[in-house]
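> Residue strings, one per chain:
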Amino acid sequence: MPAKTDHMATGHAAAVEALRDVPQVPGAPKPDPVVIADHVSRQFGGLKAVDVAHVEIQRGAITALIGPNGAGKTTLFNLLTGFDKPDTGTWTFNDKSVAGTAPHRLARMGMVRTFQLTKALSRMSVIDNMLLGAHGQSGERVLNALVPFTWRGQERANRERAMVLLERFNLHEKIDDFAGSLSGGQRKLLEMARALMVGPEIVMLDEPMAGVNPALTQSLLGHIKNIREEGTTVLFVEHDMDMVHDISDWVIVMAQGQVIAEGPPDAVMKNPQVIEAYLGSRHGSALTDDGTSLTADSQGGNA
Amino acid sequence: MDFVQIFSLTITQAVGVTALIYLFAAIGLNVQFGYTGLLNFGQVAFVAAGAYAVGVIVLTFDLGLWLAVVVGVVVSTLLALLLGIPTLRLRADYLAIVTIAASELLRLLVRSIAFKDVFGGAQGLNGKLGQEFHDLNPLPADFTLPVLTWSRQDLWVVIVGWSLALLFTLLVWGLVRSPWGRVVKGIREDEDAVVSLGKNVFVYKMQALIIGGGIAAFGGILWAVAKQSVQPDTFQPDFTFFVYTILLLGGAARVFGPIAGTIIFWFLLAGFGELLSSLINNGYIEFLTPTDVGSIRFMLMGLGLMLLMIFRPQGIFGDRRELALDAR
Amino acid sequence: MLRRVRLALGVLLLATIALFVSGGLSPATAADTTITGTLSTPGGEAVVGVLVTATDADGVLTSGTSDDKGVFVVPLPAGGTYLVEVDITTLPEGITLNNAEDASRSLLVLGGEKRLLIGLSEGGESGISEVESGTSERVIQLFLDGILYGLVIALGAVGMNLVFGTTGLTNFSQGELLSLGAFTALAINTAGVNIIIAAPIAIVFAAFVYGWGQNRILWRPLRRRKTGLIAAMIVSIGLAIFLRYTLVLFFGGAPSSYKQFAGQPGIEIGPFNTTPKALILGLLAVIALTATVTWLQRSRIGKATRAVSDNPALASATGIDVERVISVVWIVGAGLAAFAGIYLGLTQNTVWNMGQRILLVLFAAVILGGLGTIYGAIVGAMVVGIFVQLTTLVIPTEMKTVGALFLMILILMVRPQGLLGRKERVG
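Chains as they are written, first to last, in this note's numbering: chain A, 1 to 303; chain B, 1001 to 1328; chain C, 2001 to 2427.
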């Protein structure tokens, strides 16, 4: 388990307080950044998908990453979490340079992500999905695997921890169900719970609300807020402005691969540049939910 | 028509030496494809590695069989590393193409004139293989079985082969119910998700490839010892596909899937072959000749693989619930 | 349920078609089972005293030696699978095998007289001084051979790549499209029709029956059932095995050749040795490929094909009839593949596993060019063809496929999306 920052108060109030004096300009320096990225760029063919000069993510806050379709948000996520390699750029996590670090190492260091298309492991039970998140399991080593008494105790402890999380996410009655039999919203919840099972310092949620039944939206929002209240940093990609306004402490706006604005939600939404970026492509962003099903074809239908 | 004879020949083949060779390959493939989701189309290369280890060590270098067994396992591990390092990061269909290509590449190399001194070229290596093993045969010299038509030598191979196969099945059972098994199953479902949870997916895939390849290599060792011959052209890609048919028949990702699949596959195949031959020889079927039986058997195998994959990808004993969730 | 029945019936139908095509052919039932053939130099001189052996599964060996007319006869005890070998040490000085695989191959003999074609060439490995003076000529020769080989691969690979692009299917039975085309031509040819007429008939037949028909009977129902891509790939493997042994059942296991142009004498054009048939076929292949590319560029349906390859759902949303495009792709792909098969049949021979033997080379070409990219297959095919021929400068001819497979593995490690492919985003 990575150490939580205990030298500072946590929660919404603390985050707002800490971000109060931060200048509302792209690439603004934060008082206590957990992630700092410099000159990160990624090109697909002739298209520059991401070209971020400088960006910092405040520790213990909920930061929203917004922008019209094709702004490069998911690509930036992929780059920061090591799932894709940038053409240029460096970034640090907890003041440690992590450019070029393998994605599974970053996850172990405490940077855990979820995916736009929910990746519930369908033909595995809910509890097995959760247990996969636990760190340092000796039973995951191939030689120990055949000697159950070396991992039984650890397995029991992990199971208890998983049950606590599942109860919190209201999935405790489904532990033996196949994850594939859950509804879309429940899968999102499971994915989030599973990410917390890793014991992350920062959770990066890629469109946590996409495809979720509106009735579940409020409870999902509550869960995200709770994550922050416990001192975990949250960075999430979202389209829904209302939701962004409701839960985020800080908003970073991307368009055409660049960070074009930053600030608290109220200020950002009044920013003429942001309005312009969105107005030009309002239509495009409304299409995203359908758009995910297009990509699902090539993914073998994970949607 | 002698139905007793047809039945006895069928049973003998369904659990016999050839069936065992396929069984080992299938148990290995179950670890790789069934549980980990690796689309290894080059399983025959691991079988060949085991068989050639015995052939080369015993015949070319005139060393002992037990050393050959060790070499077989080492070579199959090296082969897994060689095959895995470039391919395990690739997409599933690329992995399939590269593994099948690598298995063909190896077959072409061992059958080539350039390495004839070591591997024996296209004829392969034939001669007294595994004498040490046959010397251990505890069966009395005039031993015969009722119904089954194995020779004393084959029966000894079958007894040891089945014991080993059960041992490997137990090993797989132990592995897949452990946290290790959980990780590889997660990789089968969605690799990226497992990476995002901090697991080094590459290492697990490699382990699965090595373990599955090692078990398959024992099939090759058994082959060389039982048939006293190692020939390159028996290690064609079709071998791998028949192993897939077996695995799908018994049910992938089930511990006893390979055993059930092997017995059913060989029972049907042998039974059909014997029956058809008998019908032809007794004049009931006139438009076919005995030599056609082989091709018809292979045609049915291909057709069987197609129909299985279309109608029952979960295998004969599969769980419908799992099938409904199966996106692949 | 009804759909299942229809699918099963479809598979049966495909088998019946194969039966129908081969109708009128029955294996020769001569009293003696032999393997026979004639050995001669490209110039037509008989090659005498070459030992040919056949070994059965039990290791029993029989043999025959070519007489003063170059004819050898190997008597066999019965039908079965034999390891047939040409003892290359008995070849006269300066004579080598065209195809090193001929030195040793396993052969299925069903009975009767089985004719074996063994191509010989003059020159090859002789004195060092000769090789040095001949190297640049040999490079040119191999380069041009490579272009011709590349054209065959391109014909075979275009369909595979179009199908992959439009449906996502990695088709392991593509090789059998070549075989089916070649054997359909053989069946028509054997019935007494000159191959010049039989070939176009076979190509059209292949395009509509093996292409359109196959898609209609098998792949379209599977797409409707939403069968996954990997499952479909395994289905194509089953189909390949089924078709291969259907060919063995009806045509036997030994190679055969068309009645016309079988032993066409070679010609020399400058430093380049070839046969007129290879040149004409090469020219026709260039025309066929150019027509395909032009069709994809210019015609409405060609443009629609590219759109579907790019993004099927989007193409469908813009009003393109995706299923129609896929049908057309199968027709074109199967027709070109049949041409490739006949090309191989005319320049080498037709044999039941000819498709299987070229399948991995097709994959190499397609992967090299980029899986799913339309022009990638052609570029990849030419590179593979030339590369494979040129590698015979340094490695034995029998291992030339090794070079192609190695190249493919190398490309996948360095540039998995192929030479012309694009990278894709994760997640």
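What the hints contain is simulated information worked out from the structure, not anything from laboratory work.
Heads up, some of the hints might be wrong.
Partial list, computed: chain C residues near chain B (C-beta under 10 Å) [stated by the list, open to error]: (1) T2081; (2) E2085; (3) G2213; (4) R2216; (5) L2218; (6) G2228; (7) A2240; (8) P2255; (9) I2386; (10) L2390; (11) L2393; (12) I2395; (13) M2399; (14) L2410; (15) L2412.
Cβ atoms here follow ideal geometry from the backbone N, Cα and C, with glycine treated the same way.
> Using 10 Å as the Cβ threshold, decide whether A2240/C counts as touching chain B.
7 Å, holds
> Once the shortest beta carbon distance from L2218/C to chain B is found, is it less than 10 Å?
With a closest approach of 8 Å, the L2218/C hint holds.
> Can L2412/C be said to touch chain B, with a Cβ gap under 10 Å?
6 Å, holds
> Is the interface hint satisfied for L2393/C? The criterion is a beta-carbon contact with chain B at less than 10 Å.
15 Å, violated
> Can we keep the M2399/C interface hint, with Cβ of chain B closer than 10 Å?
M2399/C check passes; min Cβ-Cβ to chain B is 5 Å, inside 10 Å.
> P2255/C was flagged as interface toward chain B. Is the shortest Cβ-Cβ separation under 10 Å?
16 Å, violated
> Verify the interface restraint on L2410/C: the C-beta must sit less than 10 Å from at least one C-beta of chain B.
8 Å, holds
> Once the shortest beta carbon distance from T2081/C to chain B is found, is it less than 10 Å?
8 Å, holds
> Under 10 Å is the threshold here; is the Cβ of I2395/C close enough to any Cβ of chain B for the hint to stand?
Result: holds, 8 Å to nearest chain B Cβ.
> Against chain B, run the beta carbon of G2228/C and see if the smallest gap drops under 10 Å.
Holds. Min distance 4 Å.
> Is the hint on E2085/C kept, meaning its closest Cβ partner in chain B is under 10 Å away?
7 Å, holds
> Does G2213/C meet its interface restraint, that is, does its C-beta lie within less than 10 Å of any C-beta in chain B?
16 Å, violated
Checked against the numbered hints listed earlier, the structure breaks hints 3, 4, 8, 9, 10, 11; every other hint is satisfied.
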